[in-house]
Every structure is written in structure tokens, then in C-alpha cells.
Amino acid sequence: DIQLTQSPSFLSASAGDRVTITCRASPAIYTHLAWYQQKPGKAPKLLISAASTLQSGVPPRFSGSGSETEFTLTINSLQPEDSANYFCQQIKSYPMTFGQGTRLEIK
Amino acid sequence: EVQLLESGGGLVQPGGSLTLSCAASGFTFNTYTMSWVRQAPDKRPEWVAVIRGNGGDIHYVDSVKGRFTISRDNSRNTLYLQMRNMRAEDTAIYFCVKGLNTGYYSNDWGHGTQVTVST
Numbered sequence: 001d002i003q004l005t006q007s008p009s010f011l012s013a014s015a016g017d018r019v020t021i022t023c024r025a026s027p028a029i030y031t032h033l034a035w036y037q038q039k040p041g042k043a044p045k046l047l048i049s050a051a052s053t054l055q056s057g058v059p060p061r062f063s064g065s066g067s068e069t070e071f072t073l074t075i076n077s078l079q080p081e082d083s084a085n086y087f088c089q090q091i092k093s094y095p096m097t098f099g100q101g102t103r104l105e106i107k
Numbered sequence: 001e002v003q004l005l006e007s008g009g010g011l012v013q014p015g016g017s018l019t020l021s022c023a024a025s026g027f028t029f030n031t032y033t034m035s036w037v038r039q040a041p042d043k044r045p046e047w048v049a050v051i052r053g054n055g056g057d058i059h060y061v062d063s064v065k066g067r068f069t070i071s072r073d074n075s076r077n078t079l080y081l082q083m084r085n086m087r088a089e090d091t092a093i094y095f096c097v098k099g100l101n102t103g104y105y106s107n108d109w110g111h112g113t114q115v116t117v118s119t
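Heads up: the sequence lines are chains A and B, in that order.
Just so you know, we're using our numbering here: the first sequence kicks off at 1 and counts up by one.
Just so you know, we're using our numbering here: the second sequence kicks off at 1 and counts up by one.
No lab work stands behind these hints: they were computed from the structure.
Every residue, glycine too, gets a C-beta built ideally from N, C-alpha and C.
It cannot be assumed that every hint is accurate.
As the list claims (entries may be wrong) - Listed next, the stretches of chain A that the computed footprint assigns to chain B, with coverage defined by at least 3 CB atoms under 8 Å from CB atoms of chain B:
# : segment
1 : 47-56
2 : 93-100
To be verified - Below, a list of computed lysine to aspartate or glutamate pairs in the DMTMM-like style, where the Cα atoms sit at most 25 Å apart:
# : chain 1 : residue 1 : chain 2 : residue 2
3 : B       : LYS65     : A       : GLU81
4 : B       : LYS43     : A       : ASP1
5 : A       : LYS107    : A       : GLU81
6 : A       : LYS39     : B       : ASP42
Starting from the given sequences, assemble the full structure and let the hints guide the process.
Shown next as C-alpha cells:
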């Protein structure tokens, strides 16, 4: 199985800050990676596909980069509504695994 | 508008069985691969199973192989997940997801149905 390791597990930042979440894949997955945002009681929401493609309707302060084994999700100019859990997911092969998640708190 | 409505969750004893349903609307159901994804409390989501639009090419995560069966009825626009010999670790919210497959992303998830395996 492809393993995805996210870091950090928890992140606390202030509104207006820039934060970066990392997802490391083993083995390499080219750019077959998605980023999701999940708020309590809700299904995950797709933010970014193919490592860097921003989904329609997602604010441009969200961006993704990386390939093969290292990927990053960057959120610029944090807003209070960005408080959520963030997960990466690989769709290169079965089983389609997720990272363990990053909880983002806005101070 | 895509709608995915899961049902059939509930409380079941270890070793018991349950069948989940996902009623789909707003798209041509028989042309889309469908997946089940589950999420235990405060855990990461876990992809469970996938089935192609024609009912073929089925895959499962190892932890449910031999116990869970994914199927679909294209005449009823409904996806199913039969769960047998259930374990405590199957306790989770189960989501139905349109289009999620290797090489394909999806932002169309249902709201989920809660499954609890406990005595």
C-alpha cells in the first residue's frame, strides 16, 4: 500500500498568516494527489486535485505543489473559516489511502 | 445537482450484518464509478470499495475483503454495501462518493450514515 505521512498533525496560526502542510508519499505517486478540507460533521471537500489544480469555487489563497514523494498545501492570508481538518489522498493505486490529517486552528 | 443519500446505518452487534444504500440523483448513474469511504471518530477517512458503472471491476481495502460486498442497481440509481461478520473497527461514518477511482478525483460525497458495531 502507498503510505501518506502528513505533518504537522496540529497547527495553530493567526488570521492573516501563511501556513504550509506537508504530505510525503511512499512510494512515489507522480502527481496523483488530492487535498481535502473537512469541517466537523461534514464530508470532506475537495480543494486541490492533481497536486496543484485548484477546484472551482475554492479561494485562491489555497495552493498545492509537489510531485512524486513530497507535496505541500499552502494557505495564504488565513481566514477564520479556514479552521478545519486537512487531509491528503493518493489516487494512484488501490487502496486509495489518506494522510492522517492536520488540524488547523485559527487563534 | 448531484445528490447522494446514504441510509441503512445503525447499531449492530459484533458478528452481525448490515446493508447500506446510497440513492443517487442529478447525474447519469450508470456511467459513473462509485466508491464507499468510511471515517471512524477522529480518524482519517478510509477508502473501502469501488465499483465501475457497469457493475464490474470491483476492488476492496484488505480489511473488508471477504466480509463486505459492494454492488449497484442501475435501474434504481442505487449503490449498496453489504457488510457481514462486522467488527468493532468497522464503526464509522460511511460515505458514498461519485466518481472516485484511481486516476479520478471527486468532490461529490454524500452526507454519510453512521454505523456502530457494539454490544
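If you test the structure against every hint from before, which numbers come out violated? 3
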